[in-house]
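K.L.:
Based on the provided sequences and hints, a complete structural model is requested.
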Amino acid sequence: NAGVTQTPKFQVLKTGQSMTLQCAQDMNHEYMSWYRQDPGMGLRLIHYSVGAGITDQGEVPNGYNVSRSTTEDFPLRLLSAAPSQTSVYFCASRVVGMNTEAFFGQGTRLTVV
Amino acid sequence: AQSVTQPDIHITVSEGASLELRCNYSYGATPYLFWYVQSPGQGLQLLLKYFSGDTLVQGIKGFEAEFKRSQSSFNLRKPSVHWSDAAEYFCAVGHGSGNTGKLIFGQGTTLQVKP
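These protein sequence lines map, in sequence, to chains A and B.
Basically the numbering used here = 1-based index in the first sequence + 1247.
Basically the numbering used here = 1-based index in the second sequence + 72.
Everything labelled a hint here was simulated from the structure, so no lab data went into it.
Some clues are possibly wrong.
Below 20 Å or equal to it, Euclidean Cα-Cα: the simulated EDC-like pairs (lysine to aspartate or glutamate) are [as the list claims (entries may be wrong)]:
no., chain 1, residue 1, chain 2, residue 2
1, B, 121, B, 138
2, B, 140, B, 157
3, B, 174, A, 1306
4, B, 174, B, 92
5, B, 186, B, 160
6, B, 174, A, 1277
7, A, 1256, A, 1320
8, B, 174, B, 157
9, A, 1261, A, 1273
10, B, 140, B, 80
11, B, 121, A, 1273
12, B, 133, B, 157
13, A, 1256, A, 1277
14, B, 174, B, 136
15, B, 121, B, 87
16, B, 121, B, 160
17, B, 174, A, 1303
18, B, 186, A, 1277
19, B, 174, A, 1320
20, B, 140, B, 92
21, B, 174, A, 1348
22, B, 186, B, 92
23, B, 186, B, 157
24, B, 133, A, 1348
Computed beta-carbon distance windows for the label pairs [what the hints assert, rightly or not]:
no., chain 1, residue 1, chain 2, residue 2, range
25, B, 117, A, 1343, 16 to 22 Å
26, B, 77, A, 1342, 24 to 30 Å
27, B, 149, A, 1265, 44 to 50 Å
28, B, 117, A, 1285, 18 to 24 Å
29, A, 1317, B, 136, 23 to 29 Å
30, B, 113, A, 1291, 15 to 21 Å
31, B, 142, A, 1265, 47 to 53 Å
32, A, 1263, B, 102, 43 to 49 Å
33, A, 1330, B, 182, 20 to 26 Å
34, A, 1287, B, 90, 22 to 28 Å
35, A, 1360, B, 132, 36 to 42 Å
36, B, 130, A, 1356, 15 to 21 Å
None of the values given here were measured: they were computed from a predicted structure.
We put the CB at the ideal spot given by N, CA and C, even for glycine.
P.N.:
Shown next as structure tokens:
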């Protein structure tokens, strides 16, 4: 029973490099989202998707791209990493609706130097 | 705009003592409210949720929360804290419409438990 799987768990990037954070879920959830967690700021929504082929911006989308080609996968791309993107990133999935439980991955700790 | 405020950044309680973590929300309609817990190095886990009915909701690990519309609050409580409850706690509100509903999180409260 894997739930939501994020890879990698840790990553160090140099400024200007690009990379993709992977997220996969096996619960057949339509709704998937990416958050970043920074001290004192809680979790802030980066992008979300309500189904394959449908994505939208959250609160802090700049510098990030997403795509949703399958129900299971929702990768997050950093196009040109900046030190301000040093953070812990969480992927979450849930059944569509406002009162449904979100299931979170274990996070990716990203450092940009 | 919808928002969630957790006034206490850090709380320390003794093991066996009672606990109350505060959460205030700003939302025009009936809110969908959640409490999540994050243990060190882990993702978030749902403790409990409220969206209608009885305003006192029970969750996992002995936690409960009370929805008070007049105070726009959804405070989390536990009668007797265990050392394993040390973690970060997040209050969240679901907002939006239909299948575009989003979760907005508060800043989090870090709970430290003294032996």
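K.L.:
Tell me the numbers of any earlier hints that the structure contravenes, in ascending order.
P.N.:
The structure breaks hints 2, 4, 8, 9, 11, 13, 14, 15, 18, 29, 36; every other hint is satisfied.
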